[in-house]
Amino acid sequence: MTAHAMQRRVHDAHVLDRTELAPDVVLLGVHAPEAARFTKPGQFAMVMLPGGENAAVALGIYEAHGDRVSFMFFVCGKRTHDLARLHIGDRISFYGPLGNGFLLDDVHSGDVAIVAGGVGIASVLLPAQALIARGVTVRLYYGARSAERLVDAQRFADAGCEVHTSTDDGSHGYHGYISDLLASASHTPTLILACGPTPMLRATARVGTERHVPTQLSLEETFACGVGGCWGCVVPLTRTSAQAPSFPPIECDGSDVVNARICAEGPVFWAHELRW
Amino acid sequence: MSVDLRVRIGTLELPVPTLTASGCYGYGTEFEDFLDMRSVGAVVLKSVTRKPRLGNATPRLVHTPSGMLNAIGLQNPGIDWYLDHDVAKFAALPWKVIGSVAGFAVDDYAYVCERLAARPEIAAIEINISCPNVAHEGETFACDPHLTEKVVRSARATTDKPLIVKLSPNVTDIAAIARVAEAAGADALAVINTVRGMAIDIDARKPRLGNITGGLSGPAIRPIAVLAVYEVARAVKIPIIGQGGIETATDALEFLLAGASAVCIGTANYADPRVPEKIVAGIREYLARRNLRSVRQIIGEANVGFANSYQKEGDEG
Ligand SMILES: Cc1cc2nc3c(=O)[nH]c(=O)nc-3n(C[C@H](O)[C@H](O)[C@H](O)COP(=O)(O)O)c2cc1C
Ligand code: FES
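Residue numbers (the working numbering), protein chains in the order written: chain A, 529 to 804; chain B, 49 to 365.
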C-alpha cells in the first residue's frame, strides 16, 4: 500500500442530482462520502463510463462537501455524451481523488487571482472556498464563449469572491480574453491560480511574468490512466522543479528539461518552471 | 470446487494467467489502491532503451471508437539510470515484474537485455521488437524475419531467464515471424503489440497525434489479436501471451481458447482499474461451471488441430 492508501480508491457511487447549467454543460452530484472527505482543492477523478468500452473521463472535482462530490463537464465527444445521459439514482463509479491539486499549504494571507476559462471553472471552486476560509481575498476572473456559458458565476460571488467576467462575444462582462482583463486590472495579486484551455493558461502565465506574480497553472491534456502509468500526458518541466520526476539529463539535448506527467506530478505546476 | 489458475511461461510460474501490458501499468504501484493485485500475475514494465529518451511531442493519446491511439515514443530514463534508481524498488513489490527491452540496433537489445536480466528483481525479459511509435527502425525488427532472428538470437545469448518476444500485427504473415523467433531461442511470444493508426482533427486540419501516427489499442483491435494468436499458436510450440483489447473474462477466454497460455491487459485498465480482478473471477467461474479443474485444460481448445504445449507435455496439472 502506498501513502495514498485509504485516500484514493474506486468509489461506487450513485447520482444524487443532475443539473443542466447551460446547453451541454452538466453538473452531476454523486454520493461519495469518502471522496468528499479526502479531496483537496484542484484534484480530479477518473469517472468510469457505464458501458466500459472506453477509457474513464478525467474530471475536476467541483464540489466536495458532506456525503457529496460533484463533477461539472462540457459535453464534447462520445464519452461525455454517455456521462450526460445518467439520471438521478443511476450508478456511477470513479477512481480518485487524483493529482496534487493547487499548492496552497503556504498561502494564509494576501490576495489571490483565480483565472478560469470555460470548463476550467470546474477545478477552482474548492480552492476559492479554501482560501476564503483562511481569510485570503479571492478575485475570480472568469471567461467563457458567451453569457450563457458563464455557468455558476453567482456561486463564486456567494462564496465571497469578487467576480470579474469576460465573454468572447461580448454578451456579458468584458468583451475579449479573460487574461487581457487580468492584465489590465489595476490591482496586482500576490498569487495567480489558473485553469482552462492551454492558450488562456499561456496568456495568464505571461501576465504573471510581467507583473512578477507567482502563478500556478492547472494543465489540460488527454489522459488515459490518470495515475502516472502510461506517460501519455506529459509537459516539459525544468529539472530543478520540486515536481520533476526522477529522470537523467538528456545530454544531446543540452537542456535542463524533463517530461513530467500532468496527472501524477501535476496537474498543477508553477508557470515559471514549465518549458512548454 | 477450487480451480487451478496457474500457468507457466517457460520457467516462469504465474499464479493467475492475467498480466498487465507493457507501458500501460507503470510498476503496478500506480494502480494498487484500486484492486486486489493478486489478480495480476505479473506486471510487464515499460520498455527501456540503452539511452534515455524524452519521448514524442504531445498529444500522445487520442481516444477513438472502442479504443485509443498512443504514440508515447518510448519515454524512459535509459538502462543506466533505470538500474540505479528504479530496479531496486521492484524487490519490495509483492507481484512479479517482467522487464521490457526496446532498441534501435541489434546490439542495443543484447546490451540492455544482458544488464537488466542480471538483476534478481526481474523475473523474465520481454523484448519489444514491435514499437510502432519511434521514427524508423522500432517496428522494422518485427517486420523483417532476418532482423527478428538476429535480435532474438543475440538477446537469447545474454540470459537464461524466460525470454518473451513481442510481435507486431503490422506484418503480412505473423506466423512466419513467430517461427523465426521460436527458432532463434524465444521461450514465449507476446501477441500482439498495437496496430498502426491515425486520426485527423478536421478543425485544425492536421493529425491529432504529435507523432502523426500511433498505435491503436483497446477493444477495437480484439478480433485482429484473436486471429493473430490463433495463427501463431498453430505455427509454434512455445507459450503465447495474448493481448489486444481484452476487457472481460469472455475476451480473455477467447484468447486462451485460441491458444494463448496467458493474457495481458492494457487499455482496459483505463476503463476500470478492477478489470484484472473481474477477469480472474470470471475465468474461475467459467471453469467451475464446466467442472474443469485447471485453466490449462482449455488452452488452444478452439484451435482445431492444434495441441497446446501443456497438452503436448501431458501436463494436466
Ligand atoms: C499508452 C500505451 C503505452 C504502451 N507502451 C508500450 C511499451 O512501452 N512497450 C510495449 O511493448 N508495448 C507498449 N504498449 C502496447 C501494450 O503493451 C499492448 O500490447 C497493446 O496496447 C494491446 O493491448 P491492449 O489493447 O489491452 O492495450 C503500450 C500501449 C499503450 C496503450
Ligand atoms: S494519463 Fe497516464 S500517465 Fe498521465
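It should be emphasised that the hints constitute simulated quantities derived from the structure, not laboratory data. Here the structure is a predicted model, which means the values were calculated and not measured. Ideal Cβ positions, reconstructed from N, Cα and C, are used throughout, including at glycine. Among the clues, some could well be false.
Covered stretches of chain A (in silico footprint by chain B; criterion: 3 or more residues with CB under 8 angstroms from a CB of chain B, positions within the stretch not fixed) [unchecked claim]:
id: 1; segment: 611-620
id: 2; segment: 661-672
id: 3; segment: 769-776
Pairwise CB distance ranges, derived in the manner of DEER restraints [claimed, not checked]:
id: 4; chain 1: A; residue 1: P742; chain 2: B; residue 2: A153; range: 21 to 29 angstroms
id: 5; chain 1: B; residue 1: L275; chain 2: A; residue 2: P742; range: 54 to 62 angstroms
id: 6; chain 1: B; residue 1: A105; chain 2: A; residue 2: T716; range: 45 to 53 angstroms
id: 7; chain 1: B; residue 1: L275; chain 2: A; residue 2: A685; range: 57 to 65 angstroms
id: 8; chain 1: A; residue 1: G617; chain 2: B; residue 2: A336; range: 50 to 58 angstroms
id: 9; chain 1: A; residue 1: D610; chain 2: B; residue 2: L275; range: 46 to 54 angstroms
id: 10; chain 1: B; residue 1: A247; chain 2: A; residue 2: G617; range: 34 to 42 angstroms
id: 11; chain 1: B; residue 1: A105; chain 2: A; residue 2: P725; range: 14 to 22 angstroms
id: 12; chain 1: A; residue 1: P776; chain 2: B; residue 2: R244; range: 54 to 62 angstroms
id: 13; chain 1: B; residue 1: T59; chain 2: A; residue 2: P742; range: 49 to 57 angstroms
id: 14; chain 1: B; residue 1: T298; chain 2: A; residue 2: E676; range: 42 to 50 angstroms
id: 15; chain 1: A; residue 1: E562; chain 2: B; residue 2: M246; range: 55 to 63 angstroms
id: 16; chain 1: A; residue 1: T737; chain 2: B; residue 2: R244; range: 26 to 34 angstroms
Checked hints:
For the segment 611-620 of chain A, the stated coverage by chain B is violated: 0 residues have a C-beta nearer than 8 angstroms to a C-beta of that chain, whereas at least 3 were required. By the rule of at least three residues with a Cβ nearer than 8 angstroms to a Cβ of chain B, the coverage given for the segment 661-672 of chain A is violated, with 0 such residues. Check result for the segment 769-776 of chain A against chain B: holds, 3 residues qualifying (beta carbon to beta carbon below 8 angstroms, three or more required). The supplied range of 21 to 29 angstroms is broken by A/P742 and B/A153, whose beta-carbon atoms lie about 46 angstroms from each other.
Checking the proposed 54 to 62 angstroms range against B/L275 and A/P742 shows it holds: the Cβ atoms sit about 56 angstroms from each other. In this structure the supplied range 45 to 53 angstroms is violated for B/A105 paired with A/T716, their Cβ-Cβ distance being about 35 angstroms. About 60 angstroms separates the C-beta atoms of B/L275 and A/A685, a value consistent with the hinted range of 57 to 65 angstroms. Taking 50 to 58 angstroms as the suggested C-beta distance range, the pair A/G617 and B/A336 does not conform, at roughly 34 angstroms.
Separation of A/D610 from B/L275 is about 29 angstroms and departs from the stated range, judged on CB atoms against 46 to 54 angstroms. A beta carbon spacing of about 36 angstroms between B/A247 and A/G617 agrees with the range 34 to 42 angstroms that was offered as a hint. About 18 angstroms separates the C-beta atoms of B/A105 and A/P725, a value consistent with the hinted range of 14 to 22 angstroms. Roughly 30 angstroms separates the CB atoms of A/P776 and B/R244, a value that falls outside the hinted 54 to 62 angstroms.
Separated by about 56 angstroms at the C-beta atoms, B/T59 and A/P742 satisfy the suggested range of 49 to 57 angstroms. In this structure the supplied range 42 to 50 angstroms holds for B/T298 paired with A/E676, their Cβ-Cβ distance being about 45 angstroms. Take A/E562 and B/M246: their Cβ atoms lie about 41 angstroms apart, and the range 55 to 63 angstroms is violated. Take A/T737 and B/R244: their Cβ atoms lie about 41 angstroms apart, and the range 26 to 34 angstroms is violated.
Hint compliance for this structure: hints 1, 2, 4, 6, 8, 9, 12, 15, 16 are not met, and every other hint is.
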